[in-house]
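Take the sequence shown: its letter number 259 is residue 259 in UniProt numbering, and every next letter is one higher.
It is worth saying that the hints were derived from the structure and are not from the lab.
Hints may contain errors.
In silico EDC-like cross-links for lysine to aspartate or glutamate, where the CA-CA straight-line distance does not exceed 16 Å [claimed, not checked]:
no. : residue 1 : residue 2
1   : Lys357    : Glu494
2   : Lys645    : Asp663
3   : Lys362    : Glu413
4   : Lys362    : Glu327
5   : Lys607    : Asp683
6   : Lys55     : Asp374
7   : Lys117    : Glu84
8   : Lys845    : Asp822
9   : Lys418    : Asp374
10  : Lys117    : Glu413
11  : Lys428    : Asp374
12  : Lys656    : Asp683
13  : Lys429    : Asp456
14  : Lys357    : Asp382
15  : Lys645    : Glu661
16  : Lys845    : Glu661
17  : Lys512    : Glu474
18  : Lys39     : Asp138
19  : Lys607    : Asp532
20  : Lys460    : Asp440
21  : Lys838    : Glu821
22  : Lys656    : Glu672
23  : Lys429    : Asp382
24  : Lys55     : Asp37
25  : Lys428    : Asp461
26  : Lys838    : Asp822
27  : Lys334    : Glu318
28  : Lys770    : Glu721
29  : Lys55     : Asp456
30  : Lys512    : Asp532
31  : Lys505    : Glu494
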Amino acid sequence: MLSASGPNDEPSRRRSRAESDVAVPEQSAAPPSWSLDTKVKVVLLEGAAPPADMKLSDFLTGIGEDIVPTRDVSMRFFVRRPHEYIPDEEQRNAVLNEVECLPYELFYRVAPFLEGKAISSLRQWAESGRGVRPSPSDNIRDDIWNVATARLNAAVDSIKRDIPDQAALVQQVSLEERVAMLTKEIQKLRMQTSTTSWEIPGAFESVLNARWSHVLSGEAGMPLGMRVVDGPPENVWSYADVNHSPLPLEVDREVPRNGNLEIMVLSSEDGWPYTQFRNETRSVNNNAEVGRGGVFNAPTSNAVYIRREVVRVWYIVEEQTRAWYVEGTLTHPKSFVVVGTPGIGKSFACGSFLLYKLLHYKNKLLQYEGGLLDVVAYFIRDSAYVIHNARPGVAGRVVKYSDQRAAVLEINEMASCKRGFVIVDISKKGQVPPEELPTDCWPSVVLTSPDVNHYDSWVKDRGGIMVIVNCDDERDLKAFVAWRVLRGLPEGFENNAGMLLNAEKKLSEQLKVLDERIKTAGPLARFMFCDDVQFKQRETQVTAMLNGINENNRANYKGILSCKMNWQNDDVTRKLVKIMRVRFKTKGADTFRCRALSFPIFSHLYKLMLVYLKRDAAAKMLIMSPEETVASLFEEYSFCALLQKEVLYPVSYMMKYLRHEGDRRDVVSVLEGLHLNQLDLMDVEILPTARQRPIDSCRYMVMYKPCIPNYPVVDAFFFVEGHPHTQRNGEKDADGRVKGEVWRGSNAVGADARRPKKTIVMVQVTTSDKHPMSTTALVSFQKTIARNFADWNTFSENLRWEMIYVNWSGVGIINERQVCEDADEVNRSADGAMAARKNAAKLWKEIHQWQVTISDPMSATFALARKEKAKTFISSLIDSEGVEETSKE
């Protein structure tokens, strides 16, 4: 017989177990010496070491079988469900009947079954093992069971032969002997505990009895309308309330929120696995990484704030857990990979909340006192917690393992006979979940950053389900600030004017700090609630990343602006980027897009890229032909090239007017009355999102660029003071300019003198010969632009609208005026929707449209227009002014 470590390297010989091999245990020349304290798993293997958990393919090769399994799993998985990995019955039986397979079945099938029956030693087998027999659902074959019982009975019999009067050993041991044996066992357990595991007093009760509180908004008479209420909320968000997964072009739209429940808070008096329990006797260097502090290390570290994203994770996990344990509709338990931006609390919040819910989990179809699950294993950092749920007459307990391998071995022994769940928190670079976890028996969750190295193989091997967790909403963070400020105040404090005023002042001050921190570091809970020293460290790191942009690495940052970059496991990504959940189908799986962590970070990157645009323009003009220069700039920077007056100038008079049906003459654009220096856009400003404050006032000759890819109708726009002549008169200057000046408000008479004239010039870059427009999209644009500017209602008076479509030569060219269709049947009955769309259709008819193609003829004209100014232009781009602009930003 081969050693229990697996097949040897010699040529294999087929050796099927004969009936005698099954019925009678093999006898060795020097049989092992057993005692009543010997573990049954040791006896089953006849004292040999546990079999090596090799891959099935390696095992098959070692025994000379030319079989290809459906999945190359480890042997411990194979012997539990062999039919799933070798479907052919004849081939499967051939493998199982090999002598080399026997140790695996005994160690991974029989031993866990017996331990599930509270039989782990020969003493327990002698006391109650005679009447134990596996059921068909235990998947233990009769011949294997016969071998197991034969070896165990033989071991017990050998002990009786060696000890006089052993017939009554089990039932008639004297009190002194029993005490001595128990003392010996306790001392042995204590020695093991001192090296690998120990129980944490009070930890289980603390988690199980964690206290609820929550924050409500819209509460009259309370500071900023916020109230902290003890206990769980009456109505928790439904799955529909929390399951917001936008399409890729909608990632920045404000998340809809129903009701006045802002957040929930769960407080465990002795802490959580993430923070270490209060009564732990050993340190794990908790949160040693820079920035991992604040609320997580503070006295309030026992408080976990639960937001919508965390509850969404639970709903997804609960559905599949129910399907496995209760409904029985799954063939395998599900593994989940919960991915989120580092610092959002996925480890602390998701991990702690899942643990709490799993320990309490019950189902109306199956009622279990103490909860459905027997065990929850929680792996974090270098340690593991095995939480045993309470059972009738047996208290729950938390056992901590300093060596994760010991915990893996422990839960594998329980996996086939207990209901369990595994949580793995990946917190170290390069760390992966333990490969030997019993994911064929228990569902599991892996909490990780977007670094694919942490979970890629796990997902592939186990078919893991990706669950993306978004960053905190600003309202969530503000609600948690309110909870921290208001939770300690006495009931009815709002009736005390002094206390109310003081609470409002303190809350306003802390919300101001929160707002500034969000702008600097993004909405990451880890850095929103840390102390000033830790935040300053983070601020320094972010600043260093932004100041470190140069010619060699700027391509990495352009990917952030385009929202098309993948998560990179580097400092740039971890300091400047967040992920946002998106979907590509109505019921599609979670995936994500990378975005800048905050609006100021995006704005800084965008303006810095424009500095490089200027430098590129200057360099290309020195070494390229005019045609190549314009083509190259547009290819790399698209409409951003229009920010250069030397590009916008020729564009302005090469535009082709797109007439309304029935028009006989072209209309003059406001740009055609402006000269080179007047077409110099002074600045670029990023438009705020729906969650941010509007821009105070509209400015002329500033390019306004959305920070979101789904901004309706246009790619960018700018305002020009005045109106143009209404139509061409056919007369032009030598350089192609329309004779006459643009009409300014000051030139008007009567009522118009009090209503300054202004024009909005909208730019849309497209590669198609059509750019569909709907009244719904135009209504959205009107609402969005009105929200972007605080003075829009007054500024938009007497405003003329112009649209420029920019096409690229060689692709689709727009040759006809673009129409706006009212095809929104869904909202036809909505109050005000019809009127808004009618007004939008009327506005579209008033918008004048032009088209320009970036082509060689246009480039040649561009070259002619800049011929006399090229040297001045180049020098202005490469002098120290560019450096000053960089440092200023």
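Of the numbered hints stated earlier in the document, which are not met by this structure? 1, 2, 3, 6, 7, 11, 12, 14, 15, 18, 19, 24, 25, 28 and 29
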